[in-house]
Amino acid sequence: MTQPQTHRLAYGGRIDRSRTLRFTFDGRAYEGHPGDTLASALMASGERLIGRSFKYHRPRGIVTAGPEEPCALVELRTGACREPNTRATVAELYDGLEANSQNRWPSLALDISAINQLVGRFLPAGFYYKTFMWPASFWEKVYEPIIRRAAGLGRAATATDPDEYESIQAHCDVLVVGSGAAGLAAARAAGAAGARVILADQDFELGGGLLLEPEQEPWRQGMLAALSGMPEVRLLPRTTVFGFYEHDVLGAVERVSDHLPVPPEHGVRQRVWTIRARQTVLATGSTERPIAFPNNDRPGVMLASAAMTYVRRFGVRPGERAVIFANNDIAYNAAFALHDAGIAVAAIVDVRKKDSKRAAAAADRGIAVKLGSVISDVKGSRDIHGISFRSVNGTAERVLDADLVCVSGGWNPAVHLQSHTRARLTWDNDLAAFLPGKPVQAERSAGSAAGVFGIARCAADGAKAGLEAAAALGFRDGAAFELPMPDAEIDPKVKPFWEVKAKGKAFVDLQNDVTTDDIRLAHREGYTHIEHAKRYTTHSMATDQGRFSGILGTAVLAEARGETIEKVGVPTFRPYVTPVTWGAMAGRHAGHHLQPVRRTPLHHWHVRNHGIFLETGLWMRPLYYSATRETGWDPILKEARAVRQAVGICDVSTLGKIDIQGRDAGMFMDRLYTNTFSTLAVGKARYGLMLREDGMVFDDGTTSRLSENRYLMTTTTAKAAEVLAHMEFYHQTVWPDLDVRYCTVTDQWAQMSVAGPKTRLALQGCVEGLDLSNEAFPFMGVGDATIAGCPVRIYRVSFSGEMAYEVATPAGYGERVWEAILEAGKPHGILPYGLEALGLLRIEKGHVAGPELNGQTTARDLGFDKMMKKKGDFIGRVNGERPRLMDSDRPRLVGIRAVDPSFEKRLRGGAHIVDRPNSKASLGWATSITRSVELERWLGLAMVRNGPDRIGQRLYATYPLKNEVVEIEICSPHHVDPENLRVRA
Amino acid sequence: MSAPDRLSPFGPEAKPGRHGAAGGTPVLMTERKVDIVQVMAGRDANAKAANLVKDATGLALPGPRKVEIAGDAMAIWIQPSGWLVIRPRGEEGALAKKLGGSDDIAVVDQGHGRCVLRLTGAHAGEVLAKGSRVDLHPRVFPPGSVATTSIDHITVMIVKLDAVPSFDLVLPSNFAEAFLDWLRMSAAEFGYEIRPAA
Amino acid sequence: MLRIDCPWCGTRDEAEFKYGGDATAKRPPAEGDGAAFYEFVYDRGNPKGWHQEWWHHVAGCRQWLKVVRHTVTHEIRSVAKATDDVTVPPA
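Residue numbers (the numbering used here), protein chains in the order written: chain R, 1 to 985; chain L, 1 to 198; chain U, 1 to 91.
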């Protein structure tokens, strides 16, 4: 049965009564209208109990009508789309919305954890810190699960979010945050002056405070119409600017489809905006603040402005009989709005002793004003039925019947975004509030965010700010426009008043259940700094980040310290102003879109031919090929044997390739590499070793000399980008006089390594224009040819230790050349091989790779001492020869192989090398391990202290995690063909 | 030598057709069949490089952030004393060979290493703004402008051609498919059409 | 997020750049001794205030730039080419 809208006013508000929207809350059916929020629609049906508080599980209702809501947090939607901790006060109602209360068990009305209220005096500030300190092991297993069950907020969805999110990069001359009178005027002034303007507001309707003023509606609509007609003005409703970062960059989240049952096809749910604003106008308005008094958290106690909003904007009666509790004139507007809507106003309890003009106006309406009085208690629990009040200093209490308490402790300008910029807030005595300070970035505040009150004055202030912002950028055109009619003169001055001290819990943070007594306790226990008190009590740490009532905590702490609020200050405001979903922050970068995939020119051949892929950095590389997707060593060994016994072909396009040209190209190479390249003959390749300036090995690869002043460098796959940046650094900053030019050509070439004793036979079947005989084209030769009509460059280099030729062809011909080689190699038993076989072969051959080039090894550690040239400068030369790097007991590269000639006892990478089976004194570690097709046993490479001196020793490889100990022999790293006969064959 | 057909770096999924939201003005995506050569001049050799390119292609070499466009050909500034020269695809390697190069001017064929995707349509700028951190507004980025930036972690050169707006995007070929994947997601809300390579 | 005014490309997002550390460290000449090279690689100040540092415009013109940045406020005072002389204001 649908709950009737018992509390909907007969007329008024900005809702569309001609249409009805159905929704559920905790499974019950309700209805509302377009223009409602979830909060206003629940209120229209008389619902007051919306949630339970965090610690004490006290019943909580709707306290505000905006994003600073601390209590009415709900879970929206269900299943994979469930979104916890959403403020019902900003959730735009749509047909079919499903909402659930949270932090209650088993049901909202009967919450068993509410027993915490009864033991509340045992749950003071810092309770968790004090109670659960010892023993540490209890945390994980005992305390944390209990705390989590009792004190959780909403539940995050566990299934994958089916919706899409995206980011957008924006630039503007003037960003205006907030669309009240000040914001609209600022945007129009700046837009008319010719600036590119973005106007963002968190609300789904633009207008801010204007939305409560029916008589200003024509002006609001006129402004929106004018702004919509400006091509360089962009209006962004439903968009919260959540952070103001360095260099005038702001972040915002647009709730694109949150008001729809599901996002439209090809549409996103939310969109994060990164806005680079040359100037920003902060017209963020101000938020009313509460007063702390006993039981000020009961459902039915709300901000006076919230009550007025529900009446004026949503046509809802928040109660039947209201009491207003205030320390300022503005709150009287709420009393009058309620009265005019037919809601009984039992009294205005005004802290101030002096009569004001407003008291007379109240009297005209027949509303009683209790001057110099305070509310000292609220009667009732889930529903309130009255209040006690007394004179400010008195004790004699009187009682009033009421089911609605409207509180106003004054107004806080919304200075949060300005605070993010490190601007220092300033204190205003009249408003008893912090105002924006001297700007640090290109921003200015306008309207009530700057402490200006009254619609007409705010609009004028906004127009001025908009003009100034535009003028600062040189936009000086622009037409004047009408401002709203001045409203009744209103005095925003407040009598500072923060707390009624009486029996009962008076809350300063409603969501985290922090009371005035908690703040005083924190002070007594030494947490006297506001930042310490915040963390000790969790005050201002809830989803509203202290926006609702942070100032109350400061006031209580200030009194305890005997200092002014100005001196004590508020905790630093940081992004985000309101919660932002993870989905929005991730945007498109979720799942396999986390980072882009880099594909070699042969990628789709590998896909079609059953390559099993591995991500290596951004690259996708085939590990091995298997039509049956078998796992284990078999396909790998098969591919490796093909290379050792016949011929194999492997895609090595991922190697970095850099084209280097210029008169000083040779000199540059000599400085980059430890060995000499200026002496390399044209048409030849040479293996090179690069160090970092600290002397550690940086990268290696073969580099060819294509002509007198042109080299082609290859780098490892992993370091390709770093090597180019390294070259640019040294050339641009250290040796700018070198006459040399270079660029990456990695993407230009498809490159394949053809290796094995039958390679020459295979290639001779397809290569045209190059004599591949050993005499004509010896090891380390480089030459041009064609294959299948495609230009190729052939390098006679070997990583596997077999006779090998690397064939490079422009990327678009990669597949054609690859297939031609496969065809020519067919009679010779050619097989494509993947990354695993590539690794197996290079370990057998003793070539170093990533596990050995780990940034902690020197040339000497790896046995490359002889590659350190004696003459001339090169990077890493001096630091690479530091005395301690010459210590003989540094771990140095050796080969290791299992003594047992079988695969029974496996060696593992990472195993420690020890001299006795159970020794815990590590002599080094295994870096790369493989099954060997050449020696038919486990073998690998290791870094072992005094390694080269131990060749021939029997030691042990121990892997304690798996209780494995394998007897090994230390040997040369070159398990295969140490004389290099095969590569020269 | 006459080159055989080459495979498109955009992969087998980039088949011509209309995708994404229906109705409205789709964003058109076309792979351009071009030759691309990178030209890098040594110290005091900018003028010499300009003459070289002018003689070979008729194009002037532009200054920073600018593109020189003449018909289907263009020269893009990419870095100090560095340009890309792009023109409709001819014989394999011919453009690089024609430009030649010398000890103080490096000429590097990038015809396979880079690829060009033309993006045109009323929403083309909005699509790019989902990834491009560079301001593409006509006031600051008029036709004839180029910016190298990063979109979805991929380094992209954005060339503004006209006020439609139309852009030529110069991409590293190894990332062409990944970039198209991102582009398709970003353009889906407006609708898009993949055109045959031209 | 920093916005760095590249002398070649114009003002660009930090995301296009890679930080390269202290730009006042000078590589010793080839004949420099161990102490000089040690200092070049390892000795760094940690100033609270203005800092001259390298930023590499990786996803742009690929130039190494000298940026004078305030380590507390992130304010950038100047961005210069690698070969330009740069003055760093007192802290």
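For the record, the hints were derived by calculation from the structure and aren't laboratory data. Treat the hints with caution; some may be incorrect.
Selected chain U positions facing chain L (Cβ under 10 Å, derived; list incomplete) [said to hold, decoys possible]:
#1 D5
#2 W8
#3 G10
#4 Y19
#5 K26
#6 R27
#7 Y38
#8 H51
#9 E53
#10 S78
For glycine and all other residues, C-beta sits at the position ideal for the given N, C-alpha and C.
### Query
Can U/R27 be said to touch chain L, with a Cβ gap under 10 Å?
21 Å, violated
### Query
Given U/G10 was flagged as interface, is its beta-carbon under 10 Å from a beta-carbon of chain L?
7 Å, holds
### Query
Hey, does the U/K26 contact hint survive, CB to chain L under 10 Å?
22 Å, violated
#### Entry: Given hint U/W8 near chain L, where the shortest CB pair must fall under 10 Å
5 Å, holds
### Query
Does the CB of U/D5 sit less than 10 Å away from some CB of chain L?
With a minimum Cβ separation of about 13 Å from chain L (threshold 10 Å), the hint on U/D5 is violated.
### Message
Given a cut of 10 Å on the nearest C-beta pair, is the interface hint for U/Y38 held or broken against chain L?
### Response
33 Å, violated
### Query
Against chain L, is U/E53 within 10 Å by beta-carbon distance?
20 Å, violated
### Message
Just to be careful: measuring from the Cβ of U/H51 to every Cβ in chain L, is the smallest value less than 10 Å?
### Response
24 Å, violated
### Message
The hint names U/S78 as touching chain L; please verify it with the least Cβ-Cβ distance against 10 Å.
### Response
Because about 18 Å separates U/S78 from the closest Cβ in chain L, which is outside the 10 Å limit, the hint is violated.
### Hint check, U/Y19 versus chain L [nearest Cβ-Cβ separation less than 10 Å]
15 Å, violated
Of the hints listed earlier, those the structure fails to meet are numbers 1, 4, 5, 6, 7, 8, 9 and 10, in rising order.
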